[in-house]
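**Q** Sequence:
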Amino acid sequence: SPREVVQFALSGWEVGRPRPSSVEAMISVISKVLERQSQLDDDNGPVILIHSRNGSTECGVFCSISLLIERLKAEDRIDVFQTAHAIRITRPHTFTSIEEYQFVYDTMYDVITK
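If you count by full-length UniProt numbering, then the sequence shown holds residues 1 to 114, one letter each, in order.
Note that these hints are calculated values from the structure, not bench results. Because the structure is a prediction, the values reported are computed rather than measured. Check each hint, because a few of them may be wrong.
Using 16 Å as the maximum straight-line C-alpha spacing, the simulated EDC-like pairs for lysine to aspartate or glutamate come out as follows [what the hints assert, rightly or not]:
#, residue 1, residue 2
1, 114, 76
2, 73, 99
3, 73, 35
Please put together the full structure from these sequences, using the hints given.
**A** Listed below in structure tokens is the structure:
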């Protein structure tokens with residue numbers, strides 16, 4: 001059966017930079033993806049595919065923030081380090097710099113305080 005494909009893009013993450021230029025842009029894209037995901041019909045097996053230039057660094061940051069936002073809503077508490085660590089177990093090339101971790105912390109700070 002045919003499936004609709006919707007693509008979301010995060011602009012402002014320059015090649016070679018460890019973090020995007022805007023926390024707000026990341027939050028906006030993740031919010032749109034999570035909203036779209038909530039509208040999908042589970043009977044059709046919704047699939048979310050995340051890709052980036054190298055397939056790991058940007059994806060790890062995006063997935064961590066997305067998971068943390070969902071956990072915050074469900075549990076009202078989060079652990080940034082453990083979330084990043086869990087992703088690194090299966091995808092060891094994620095989080096290659098302290099700036100990537102810092103961006104996740106900065107983004108979650110914004111999510112929590114706004």
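**Q** Any hints this thing doesn't respect? Which numbers, in order?
**A** Failing hint: just 2.
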